[in-house]
Every structure is written in C-alpha cells, then in structure tokens.
Amino acid sequence: MWLTSKIKQILMVMKPGVVTLDYPNERPPVPENLRGQPVFDHQKCIGCGGCSDHCPARCILVRDVCQELRVMLYDGGRCTYCGRCADICPEKAITMSNSFEIACDQKEDITTRMELFMMTCQRCGRCYEMEKTNAIDRINLKGFRYDNLEQRALIRKTSETFDPALLKESDNYQRPSDK
Amino acid sequence: MLKNLCKRMFGKSIWVYHCNTGACNGCDIEILNILTPFYDVERFGIKLVASPRHADAMLISGAVTRPTLPLVKRAYEAIPNPKLVFAIGSCATGGGAWFDTYNVTGGADKVLPVNYYIPGCPPRPEAILYGVALALGLVDKQAAPVELKQMEFPIDMYERNEAWEKRNVIYELLK
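Taken in sequence, the protein lines are chains A and B. Quick note on the working numbering: the first sequence kicks off at 1 and runs consecutively. Quick note on the working numbering: the second sequence kicks off at 1 and runs consecutively.
If you're looking for bench data, these hints aren't it; they were derived computationally from the structure. Given the structure is predicted, the values throughout are model-derived calculations rather than measurements. Hints should not be assumed to be uniformly reliable.
[Said to hold, decoys possible] Taking lysine-lysine and the DSBU-like style, the derived pairs with C-alpha atoms no more than 30 Å apart in a straight line are:
1) K141/B - K92/A
2) K166/B - K92/A
3) K92/A - K149/B
4) K73/B - K149/B
5) K110/B - K168/A
6) K149/B - K168/A
7) K157/A - K110/B
8) K6/A - K47/B
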C-alpha cells in the first residue's frame, strides 16, 4: 500500500519537473526596473550636494577639504537603494545600475569616493547664491559642508564662507552614543 | 573516523538562526523566500533552526534597537564556536535610515563582530544566496571600493561640448 502511494507521489513530482533555480551557476536576467548599486559619474557631477540632501539614509556625505576641493563619499552600508539621488541629480551623474551581487566582508567595499573641483564666486567665496535666509533651509542646502568621512558621520552644519575652524572641529566629531 | 566523515560531510552545511532585531519584516520575508522550492537553499545544506544552540550562523536583520540589544548579545553567546554572523539588509549593515537615532545602536557591527554584509533594502533572494555562496567559497567577491577624481574642471568640458554641438548645428543648417 505504501509502495503504491510512493510511486504515485513520484509520478506527481515528475509532472512539474524541477523548479529550483540553480543560482550561483546559472544567473537569470535581472528585471529592468531593479534599483541596484548607484553608479557615480565624476565627469558630470557638479558637486551641488542635492543627492546628499535628499538621501533618506543620509549615506552621501560631503566634505570641503579646501576651498576648491570637495570630497563626496557614498557609504553603501546604509544605502536603501531608493533611487532618489538619481531622480534629483540635475546633471544625471548618478544612475542606478542593476548590480545587486554586492555582498562583502568589509564595509569599505561598497563605498564610492569622489573628489571634485569646485569653482567659487570670486567676490563672496561661496558656491551658490544664498537666496533663502531661513536658517533651517540654509542648514539643509547650500554652501560649504564639513561631514566627517572617517566616522561616516553627518554634521548638520554649513557655512556660507569656508571656515577652517569648523573643518578642524569636524575632525573630532563622533556620533552621539546611546550608552 | 566518524568525526572525520562528519567533518567532510557537514563541514559546509551551516545551520542558521534567524534573529530579527527590530526589522520591518522586509528582510525576514526575503529570508523565508530563499527557503522556498524556487530558491532552494537546502541544496547547500543550510537549514533554519529555532534555537541558537543548534546553529552555526546567525542572520541578523534590522538595526539593533536598544530593547533587543541584550537579547541579541545573549543569542550570540549561545551559539557554539566557530560561528558566522551575516548582517542582512541595510539596517543591519550600517543602520539604514536610522543610523544615528537615539533608540538604535546603528548596525549589527557595533554590537557583534559581523563576518558578511549583505546590503539591500530588502536584498533580493539572489543577493542573500550570493552572500551565502560567498561565505561557502562558491563565488568570488565582486564589490570593491571605488575612488573617482576629476582631472579637469567639468565646466570647461561642458563648454567645449556645447561649442562642438553648436558648430554641428550650423553645418546642418547649411545643408
């Protein structure tokens, strides 16, 4: 009795065949609308910092090393792959690629570091004109930024002119601990 | 002899303990998805176990919140050595969107030594399988840090391209 039931079972199983994906050996094509790791184009980027303002995880950090050089760090560790940076980029310098095989054993493997040349206003020494006088808007948007790239910490402080003291202060900045 | 046989047979079959440390259940659903017949993870010998004392590896999903922090530590200590820790999802890798809030520790690596990170929000089932295959040594690591530098000022290039385009427009008008 049990043998016939087993044979019946085998026949039932044979009908649909194998459905399992043999993943690491065979790789099926990824869907076209997949948002994978963002790819940065440093030739198109103008360093406006719009991506870092709109990032929900605040994983794009901007730091002005000196008046002409701006460093942007993308920390893929806390990226949520929402694609807002690619939407907001005015120069289309960020594209969401379809690579998702980014598992790694070190967090540094999924970072992108960009060094950009910035041209500042000859008269006032800042990057963009400050139309908004609201302090909250000023924090969120324009001017010089001093995020700490080593600690991957976001510092919500900007200055209209380049401030070496603020840059030095941000070197010792650490995330407020909850201990 | 039996010990050697066991080592050879079960050396690469890791039993995993799934630990939700305040995730939104997105990553948990993807972890359950790789146990389904389509992405059959049991062909690698991987099995989901209920107790950390039976497990070899720990799957952490979610940024480690403050209430779960002592429990996560206890679960980690209950796993017998040697043990692997996988951080699944961007919350566990680096804290996600809550990396600096007051009630979150900010990623599993601030609490435990994490061996493998699988970023994604949530990661695809293939991405989790890829991370597992990376731990088993079946595939090579593809991610690498990228460093980009501008060698010339981009606005010059923009003007040059624009001048080139304008010249072409004139030629097209002359046709």
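Status of the hints after comparison with the structure:
For the hint pairing K141/B with K92/A, the CA-to-CA distance comes to about 29 Å; that is within 30 Å, so the pair holds. With a CA separation close to 21 Å, the supplied pair K166/B and K92/A stays within the 30 Å bound. A distance of roughly 18 Å separates the Cα atoms of K92/A and K149/B; the hinted pair therefore holds under the 30 Å criterion. Restraint check: the Cα-Cα separation between K73/B and K149/B comes to about 42 Å, which exceeds 30 Å; the hinted pair is violated.
For the given pair, K110/B sits about 26 Å from K168/A by alpha-carbon distance, which is consistent with the 30 Å threshold. With a C-alpha separation of about 23 Å, the suggested pairing of K149/B with K168/A holds against the 30 Å cut-off. A hinted pair counts as satisfied when its Cα atoms are at most 30 Å apart, and K157/A with K110/B qualifies at roughly 26 Å. Pair hint K6/A plus K47/B holds up; C-alpha atoms about 25 Å apart against a cutoff of 30 Å.
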